[in-house]
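**Q** Sequence:
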Amino acid sequence: MKLLGSTTSPFVRRLRVYLEDKDYDFVNLDIFAEQDRTLLTEKNPAQKIPALIDDDLCIYDSRVIYRYLVEKFDEPKLSWPQENLLTLIDSVNDALVSTLILKRSDIDTMQDALFFNLQRERTKTVLATLDTAVANGEFNQWHYPAICLWCLLDWVDFREMTTWHNFTHLVQFFQQNASRVILHSTDPRL
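Mapping of the sequence shown onto our numbering: position 36 corresponds to residue 145, and the numbering continues sequentially without gaps.
Simulated from the structure, these hints should not be mistaken for lab results.
No experiment lies behind these values; they were computed from the predicted model shown.
Treat the hints with care, since some could be wrong.
Label pairs and their in silico Cβ distance ranges [what the hints assert, rightly or not]:
{"hint": "1", "residue 1": "237", "residue 2": "267", "range": "20 to 28 Å"}
{"hint": "2", "residue 1": "181", "residue 2": "289", "range": "20 to 28 Å"}
{"hint": "3", "residue 1": "244", "residue 2": "189", "range": "14 to 22 Å"}
{"hint": "4", "residue 1": "234", "residue 2": "181", "range": "32 to 40 Å"}
{"hint": "5", "residue 1": "284", "residue 2": "237", "range": "17 to 25 Å"}
Within a straight-line C-alpha distance of at most 20 Å, the following computed PhoX-like cross-link-like pairs (lysine-lysine) qualify [what the hints assert, rightly or not]:
{"hint": "6", "residue 1": "157", "residue 2": "233"}
{"hint": "7", "residue 1": "131", "residue 2": "111"}
{"hint": "8", "residue 1": "152", "residue 2": "111"}
{"hint": "9", "residue 1": "181", "residue 2": "131"}
{"hint": "10", "residue 1": "111", "residue 2": "157"}
{"hint": "11", "residue 1": "111", "residue 2": "181"}
{"hint": "12", "residue 1": "131", "residue 2": "186"}
{"hint": "13", "residue 1": "233", "residue 2": "212"}
In this text, a Cβ means the ideal position worked out from N, Cα and C, and glycines have one as well.
Working from the sequences, and respecting the hints, build out all of it.
**A** Below is the structure:
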């Protein structure tokens, strides 16, 4: 089994953390380099990471990959409330990744424009909702949604996209899990 991705992607990192005790190979790609982009396109026509190759099968999208792995390893599926939490986390990840790409394309992402205003509003609302979910104990276990939340928060800091440090429960959650070895070994700053 091979996981195609990059060390800086929060969507890839969450799967690397989840796969900590499983047998797989990680293929670190520079998706903007021609050779790696060609390989990625051959495996995933959507040209997005991550992609999981398992024998002759290639699975796209972190959410679908996770569902595939849960089935493969005969692990419990996420509950519907957990699926909703993951949708919230993914919405902020998607919004901020899109904003980062636009920023790197020399577009002023701080302008007063519908797209950027919606992304900022979504991010603020979802972070507040996730803060409440942490306070309510929904992230007390180190499960896939918790992994995804931690990777999101760390990626936001890494890319300096927004601040979440004014949310007390998110800060507490982040600090409580920061010493996990797998989080250090998958740190995008390394």
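**Q** Confirm or reject each hint.
**A** Evaluated hints:
Distance hint check: the CB atoms of residue 237 and residue 267 are about 21 Å apart, consistent with the given range 20 to 28 Å. Taking 20 to 28 Å as the suggested C-beta distance range, the pair residue 181 and residue 289 conforms, at roughly 23 Å. Between residue 244 and residue 189, the C-beta spacing of about 20 Å keeps the proposed range 14 to 22 Å intact. Between residue 234 and residue 181 the C-beta distance comes to about 35 Å, which sits within the given range of 32 to 40 Å.
Between residue 284 and residue 237, the C-beta spacing of about 19 Å keeps the proposed range 17 to 25 Å intact. At most 20 Å may separate the alpha-carbon atoms for a hinted pair to count; residue 157 and residue 233 exceed this at roughly 26 Å. About 11 Å separates the Cα atoms of residue 131 and residue 111, which keeps this hinted pair within 20 Å; it holds. For the suggested pair residue 152 and residue 111, the alpha carbons sit about 11 Å apart, so the restraint of at most 20 Å is met.
Only pairs whose Cα atoms come within 20 Å are accepted, and residue 181 paired with residue 131 is accepted, the gap being roughly 11 Å. Taking the CA atoms of residue 111 and residue 157, the gap is about 15 Å. The hint holds against a cut of 20 Å. Distance hint between residue 111 and residue 181 is fulfilled; the C-alpha atoms sit about 14 Å from each other, no more than 20 Å. With a C-alpha separation of about 17 Å, the suggested pair residue 131 and residue 186 falls inside the 20 Å cut-off, and the hint holds.
Distance restraint check for residue 233 and residue 212: the Cα-Cα separation of roughly 19 Å lies within the 20 Å cut-off, and the hinted pair is therefore satisfied.
Going down the numbered hints, you'll see the structure goes against just number 6.
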